[in-house]
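Participant: Now for the letters of each chain:
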Amino acid sequence: DVKVTQSSRYLVKRTGEKVFLECVQDMDHENMFWYRQDPGLGLRLIYFSYDVKMKEKGDIPEGYSVSREKKERFSLILESASTNQTSMYLCASSRTQETQYFGPGTRLLVL
Amino acid sequence: GESVGLHLPTLSVQEGDNSIINCAYSNSASDYFIWYKQESGKGPQFIIDIRSNMDKRQGQRVTVLLNKTVKHLSLQIAATQPGDSAVYFCAEIKTYKYIFGTGTRLKVLA
Chain A
1 DVKVTQSSRY
11 LVKRTGEKVF
21 LECVQDMDHE
31 NMFWYRQDPG
41 LGLRLIYFSY
51 DVKMKEKGDI
61 PEGYSVSREK
71 KERFSLILES
81 ASTNQTSMYL
91 CASSRTQETQ
101 YFGPGTRLLV
111 L
Chain B
1 GESVGLHLPT
11 LSVQEGDNSI
21 INCAYSNSAS
31 DYFIWYKQES
41 GKGPQFIIDI
51 RSNMDKRQGQ
61 RVTVLLNKTV
71 KHLSLQIAAT
81 QPGDSAVYFC
91 AEIKTYKYIF
101 GTGTRLKVLA
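These protein sequence lines are chains A and B, in that order.
Positions 1 to 111 (the working numbering) are the ones given, in order, by the first sequence.
Positions 1 to 110 (the working numbering) are the ones given, in order, by the second sequence.
This is chain A alone, in the form it adopts within the complex (with noise of 0.2 Å):
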């Protein structure tokens, strides 16, 4: 089966902080993705990776940059961190142009 872990289920931070969003997956996936989650507005992709060390941005990018040094891992980090924040967070991963398969998501809130 497939698995993809994210570091923390929930997680609060004050504005201005430094967040960082870990992703691990381990189906040796090329492409993984980054996702904010929010009621009434569905699925928003802010980066995504197709490669080690390549990352391309998404619809809703501002705010946030990424990192995948790994295959196996994309991290989201968010530079300084803004109560427009607050969100469901969701990483995936797929081989290309395959199902994505989700993470159990990270409850973020921005205080």
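These are computed hints drawn from the structure, not numbers from a lab.
Just so you know, even glycine gets a beta-carbon here, dropped at the ideal spot from N, CA and C.
Please note that the accuracy of each hint is not assured.
As the list claims (entries may be wrong) - If the Cβ cut is set under 8 Å, some of the chain A residues that face chain B in the computed set are: (1) L43; (2) L90; (3) Q97; (4) T99; (5) Q100; (6) Y101; (7) P104; (8) G105.
Stated by the list, open to error - Which chain B residues stay away from chain A? Per the calculated CB distances, all over 10 Å, these: (9) T10; (10) N22; (11) A24; (12) P44; (13) M54; (14) R57; (15) Q58; (16) Q81; (17) D84; (18) T95; (19) T102; (20) A110.
With chain A fixed as given, assemble chain B onto it according to the hints.
Facilitator: Relative to the frame of chain A, chain B by itself:
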């Protein structure tokens, strides 16, 4: 423009009945379609997928139907159980781009 949408935001079904969740898509060039189930507070869980060259695919208690003529995708759940209560959403893949629907909430009534 491109869209993957759902006809009904909430579907209530009696336990034991069959459920049908629908999804309309506008991009006829999509290669691949996926259904996900998302329980409250959890990440989306893969249910079943279907390629564009197929009309039907069956899994355990679930069937996905693809009607390319009217650009319609449906998920049928047989003998709906309380554990099926969740938000279901469809997704399509077209040339490396994934498009997700916003979801339908399925409520199973005892």
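Participant: If a hint holds in the structure, say so; if it doesn't, say that too.
Facilitator: How the hints compare with the structure:
1. L43: With a minimum Cβ separation of about 5 Å from chain B (threshold 8 Å), the hint on A:L43 holds.
2. L90: holds (6 Å)
3. Q97: Result: holds, 6 Å to nearest chain B Cβ.
4. T99: holds (5 Å)
5. Q100: holds (6 Å)
6. Y101: Constraint on A:Y101 satisfied, holds at 6 Å.
7. P104: holds (5 Å)
8. G105: For A:G105, the interface hint holds, since the closest Cβ of chain B sits about 5 Å away, which is under 8 Å.
9. T10: With a cut-off of 10 Å, B:T10 remains clear of chain A, as the shortest Cβ separation is near 13 Å.
10. N22: With a cut-off of 10 Å, B:N22 remains clear of chain A, as the shortest Cβ separation is near 16 Å.
11. A24: Nearest chain A Cβ is 15 Å from B:A24, so the label holds.
12. P44: violated (5 Å)
13. M54: holds (15 Å)
14. R57: holds (13 Å)
15. Q58: Given that every Cβ of chain A is farther than 10 Å from that of B:Q58, nearest at about 17 Å, it holds.
16. Q81: holds (22 Å)
17. D84: holds (18 Å)
18. T95: B:T95 not clear of chain A: closest Cβ-Cβ about 8 Å, inside 10 Å.
19. T102: violated (4 Å)
20. A110: holds (26 Å)
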